[in-house]
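Visitor: Listed below, chain by chain, are the residues.
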Amino acid sequence: AQSVTQPDIHITVSEGASLELRCNYSYGATPYLFWYVQSPGQGLQLLLKYFSGDTLVQGIKGFEAEFKRSQSSFNLRKPSVHWSDAAEYFCAVGSNTGNQFYFGTGTSLTVIP
Amino acid sequence: NAGVTQTPKFRVLKTGQSMTLLCAQDMNHEYMYWYRQDPGMGLRLIHYSVGEGTTAKGEVPDGYNVSRLKKQNFLLGLESAAPSQTSVYFCASSPRGLQPQHFGDGTRLSIL
Chain A
1 AQSVTQPDIH
11 ITVSEGASLE
21 LRCNYSYGAT
31 PYLFWYVQSP
41 GQGLQLLLKY
51 FSGDTLVQGI
61 KGFEAEFKRS
71 QSSFNLRKPS
81 VHWSDAAEYF
91 CAVGSNTGNQ
101 FYFGTGTSLT
111 VIP
Chain B
1001 NAGVTQTPKF
1011 RVLKTGQSMT
1021 LLCAQDMNHE
1031 YMYWYRQDPG
1041 MGLRLIHYSV
1051 GEGTTAKGEV
1061 PDGYNVSRLK
1071 KQNFLLGLES
1081 AAPSQTSVYF
1091 CASSPRGLQP
1101 QHFGDGTRLS
1111 IL
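If you read the sequences in order, they're chains A and B. Read in our numbering, the first sequence has 97 at position 97, and its numbers run on one by one without any break. Start counting at 1 in the second sequence, then tack on 1000, and there's your number in our numbering.
Hints may contain errors.
[Said to hold, decoys possible] To give an idea of the interface, some chain A residues facing chain B are shown, with a C-beta separation under 10 Å as derived from the structure:
1) Ser-14
2) Gly-16
3) Tyr-32
4) Tyr-36
5) Gln-38
6) Gly-41
7) Gln-45
8) Tyr-102
9) Phe-103
[What the hints assert, rightly or not] So these bits of chain B aren't anywhere near chain A, every CB distance computed over 12 Å:
10) Gln-1006
11) Lys-1009
12) Gly-1016
13) Met-1019
14) Met-1041
15) Leu-1043
16) Val-1050
17) Asp-1062
18) Ala-1082
19) Gln-1099
Simulated from the structure, these hints should not be mistaken for laboratory data. The model shown is predicted, which means the values in this text are computed figures rather than measured ones. A virtual CB, placed ideally from N, CA and C, is assigned to each residue, including glycine.
Please build the complete structure, drawing on both the sequences and the hints.
Guide: Given below as structure tokens:
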């Protein structure tokens, strides 16, 4: 069965610093991978997705993610974090049936001014 | 541009009561999903639907029922609420399978 692991429960970075959020997946075939962001009291918003092709994908708000098949990872990065990036971030993988998604437990990001 | 709308936003129930959560989407999406979000557990799929008139079980379906009588609506029912069902419930929709999901703002449900 598919699964997603986000090893970091909580990360704190200073504004302007770079960011990397880790995501590891378990999947037998080519995965469909997603990163979502959730602001307090809100639903999830799609940041970016990977289906195939170029392993470095660009998303909204200056985020990017790199798919590494050899490491079963899909880490999210941002070169310079803004205070408004403070939120909860979720990695997700689509199931091989195409009907379900499996979410990680999330990483909470705090940004220090 | 409403997207996915969940009703109600908050609700407090007593153990044993029943209620229905409504999800409505105006994007003509085929697929709809109900998740629950609990601290430290991420989102877990309760039930989903791949089209009008269809429903299927997800990871944690026990204690819940769903219906998709109209393409734009997906209802989640709790027949006899239990404290373990205290959670934040999210509805989502997507055009078809493996496409990015659009989420509602959630329903915060407390069961005493």
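Visitor: Each hint should be assessed against the structure and marked as holding or not.
Guide: Status of each hint after checking the structure:
1. Interface restraint check for A:Ser-14: the shortest CB-CB distance to chain B comes to about 26 Å, outside 10 Å, so the restraint is violated.
2. Nearest Cβ of chain B to the Cβ of A:Gly-16: about 29 Å, over the 10 Å cut. The hint is violated.
3. Residue-level restraint check for A:Tyr-32 holds (minimum Cβ-Cβ distance to chain B is 5 Å; threshold 10 Å).
4. A distance limit of 10 Å between C-beta atoms decides the matter here; for A:Tyr-36 the minimum to chain B is near 8 Å, and the interface restraint holds.
5. Against a cut-off of 10 Å between C-beta atoms, the interface hint on A:Gln-38 holds, since the closest Cβ of chain B lies about 8 Å away.
6. The criterion of a C-beta within 10 Å of any C-beta in chain B is met by A:Gly-41, whose closest approach is roughly 7 Å, and the hint holds.
7. Restraint check, A:Gln-45 versus chain B: the minimum CB separation of about 7 Å is within 10 Å; hint holds.
8. Interface hint at A:Tyr-102: satisfied, since its Cβ lies 8 Å from the closest Cβ of chain B, which is below the 10 Å cut-off.
9. For A:Phe-103, the interface hint holds, the least distance from its beta-carbon to any beta-carbon of chain B being 4 Å, beneath 10 Å.
10. Here B:Gln-1006 does not stay apart from chain A, with its beta-carbon only about 8 Å from theirs, under the 12 Å limit.
11. For B:Lys-1009, the condition that its CB be more than 12 Å from all CB atoms of chain A is violated, with the nearest at approximately 9 Å.
12. Every Cβ of chain A is farther than 12 Å from the Cβ of B:Gly-1016; the closest lies at roughly 29 Å, confirming the non-interface assignment.
13. With a minimum CB-CB distance of about 20 Å to chain A, B:Met-1019 clears the 12 Å threshold, and the non-interface call stands.
14. Listed as a non-interface residue, B:Met-1041 fails to keep its Cβ farther than 12 Å from every Cβ of chain A; the least gap is roughly 6 Å.
15. At roughly 4 Å from the closest C-beta of chain A, the C-beta of B:Leu-1043 falls inside 12 Å, breaking its exclusion from the interface.
16. Consistency note on B:Val-1050: stated as away from chain A, yet its beta-carbon is not over 12 Å from all of that chain's, at 6 Å minimum.
17. Listed as outside the interface, B:Asp-1062 is consistent with that label: its C-beta sits roughly 17 Å from the nearest C-beta of chain A, beyond the 12 Å cut-off.
18. Non-interface call for B:Ala-1082 relative to chain A: holds, since the shortest CB-CB distance, roughly 23 Å, exceeds 12 Å.
19. Not every CB of chain A is more than 12 Å from the CB of B:Gln-1099 (nearest about 9 Å), against its label as outside the interface.
Against the hints set out earlier in the document, violations occur for numbers 1, 2, 10, 11, 14, 15, 16, 19.
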